[in-house]
Amino acid sequence: MNIVVCIKQVPDTTEIKIDPVKNTLIRQGVPSIMNPFDKNALETALQLKDAYGGKVVAIAMGPQQAKAVLREAISMGADEGYLVTDRAFGGSDTYATSYILSQAIEKLGPFDVIMGGKQAIDGDTGQTAPSIAEHLGATRLTYVLDLKVEGDKVIARRQVEEGVEVIETKFPVLCTATKESNKPRYATVSRKLYSLRCEIPELTIADFPNIDTTKIGLKGSPTKVKATFTPKRTATGVNIEGNSPAEIAGSLIDKLAEAKVL
Amino acid sequence: MSFETCKDVWVFIECFQGEPKNVGLELLGQGRKLADGLKQQLCAVVIGKDVDAAVKAAAEYGAEKVYVVKGDEYENYSADAYGHAFLKLCEKYDPNTILVGATVNGRDLGSKLAVSLHTGLTADCTALSVEEESGNVVWERPAFGGNLYAQILCSETRPQMGTCRPGAFKKGQPNPDNKPEVITEDIPTPAEQIRTKVVEFIKAAEDQGMRLDEADVIVSGGRAMKNAENFAVLQELADVLSGTVGCSRAAVDAGWMPQTRQVGQTGSTVSPKIYFACGISGAVQHVAGMSESGTIVAINKDETAPIFEVADYCIVGDLFEVVPALVKELKARQQA
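Heads up: the sequence lines are chains A and B, in that order. Using this note's numbering, you'd call the opening residue of the first sequence number 13 and step up by one each time. Using this note's numbering, you'd call the opening residue of the second sequence number 38 and step up by one each time.
Simulated from the structure, these hints should not be mistaken for laboratory data. Relax, there's no trap hidden among the hints.
Which residues of chain A face chain B? A few of them, derived with a C-beta cut under 7 angstroms, are:
1) PRO142
2) ILE179
3) LYS236
With a Cα cut of at most 25 angstroms, we get these calculated SDA-like pairs of lysine to any residue:
4) A:LYS267 with B:LEU367
5) A:LYS227 with B:THR194
6) A:LYS67 with A:PRO213
7) A:LYS29 with B:ARG260
8) B:LYS207 with B:GLU97
9) B:LYS368 with A:SER256
Computed Cβ-Cβ distance ranges for the label pairs, DEER-style:
10) A:LYS182 with B:GLU218: 36 to 42 angstroms
11) B:ASP87 with A:VAL201: 55 to 61 angstroms
12) A:VAL201 with B:LYS240: 41 to 47 angstroms
13) A:THR240 with B:SER171: 18 to 24 angstroms
14) B:LYS86 with A:ARG99: 48 to 54 angstroms
15) B:ASN212 with A:LYS165: 45 to 51 angstroms
16) B:ILE239 with A:SER202: 37 to 43 angstroms
17) A:MET13 with B:THR221: 40 to 46 angstroms
18) B:ALA90 with A:LEU230: 40 to 46 angstroms
19) B:GLN230 with A:ARG99: 38 to 44 angstroms
20) B:ILE239 with A:ARG99: 44 to 50 angstroms
21) A:MET13 with B:GLU56: 35 to 41 angstroms
22) B:GLU170 with A:LYS119: 39 to 45 angstroms
23) A:VAL273 with B:ALA265: 27 to 33 angstroms
Just so you know, these numbers come straight off a predicted model, no measurement behind them. A virtual CB, placed ideally from N, CA and C, is assigned to each residue, including glycine.
Modelling step: build the complete structure from the supplied sequences, incorporating the hints.
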């Protein structure tokens, strides 16, 4: 079974702080990590490989430093990592990014399974993976908990708001993984060492002679950022005080009743 | 799709087993605002096997037109069938703007439509408005875990599309007298075109309590809860107020609560009448999911906790003392 996993390098959003004076995002010193949901996607891929054999290929789009997440993927068990990188790809929105990644997948494939995380924690759109499926014309199943193969059928369990759907489909299929899908494995020391000396080939625009250049980068992105701002917070709350928890509780309930909230 | 001829604001009314989800009705309220700004009509799109409840709800919540596609193949969502039907409607009626709920299926459908129509889709919008001169919708959304907000435009292609999370907006007042034009289109999707088949559905366990996006009162706990068992303290307060329990990402990461209970950027967006934040520091990623609540009560030992910046009522104290005192006092008053 050939599996490709799309991985994104993201800033650890739990570590991001706001500059209180300039009211801007402080990106400096914020660690870059593998998008957590992509780790679940990789784990799903590795489990499929463990069960059915085959190869797991990790791809990431981004600048040179994104090779770090590909090395991490290899240290967890991916067989190969490819970095999709070119200045021409910069500024891509989800439409353009998914188009470029679909081109890379076609070039490296064919694959039976294409995996991705349900969303990235920086952009939080959840759109890129299903959009890749659309560019490829592939079957897609988002929020997949697990996959198994029965003859020529693929059985997937898919998490939706109301419960779990059991879905029957066929290869090739694109799936996205969630936190509930699994617990990603740890890298072994020997894999870690191996990943450091592994070559991470790059795919640049020269590798895609037939790419439609009107669909890539900032220019090829139908959505454009008009403005960005940091949310303003102004403390206007009323302090509820008292000499005992009971007094505080009484005072809060009085205030809520006065405001007709209770 | 043509920039000049496209018209109207479409809202997808997503259903589950024939019942319209709230998010579609919430979006009709936002769609109304956009349609007024664009001086166009507000239309609902209903796709399903049993569509009557959704058509009725779309009417009550203000649609001027309802496009309906009906058939057995639409009983369960599939990107293939729903996408096919929706794209046929787009080809025929050429919408200007499409709003879709940012649900599991809505995010999938939105992506499919946007790529097929070669247009832009903005995810998880929290505020929508119209730029009058250009006719562009300004899609406002949080990113980086709510640390940053961006205004996005889709200025060169149509339709312009966005998703909004359930609970991000409130439903308007229903009007049972609103009588929209209902246009039923016969768009079958051949079985061989539908590559995924739902063979079984396992309903989520009932004991998870009231849904977060439907609760009037939410009592949430964070890192300070210390363990899973302590959430019983919050459950008591929720019970007295006929509400439900939520939590921050810290509590999910620690394994104390299921992800379905998480409020915030990577969990649910909620806007209950009262939100109790108990032992929650107030990371932006959490606040992004609850700041639209009617009234926010924060209880935290740390007086510098950022949650106090968004709270309406601030209690600096130990939640394990304050919450039980609240339960006791509320019970006493309810009996009086």
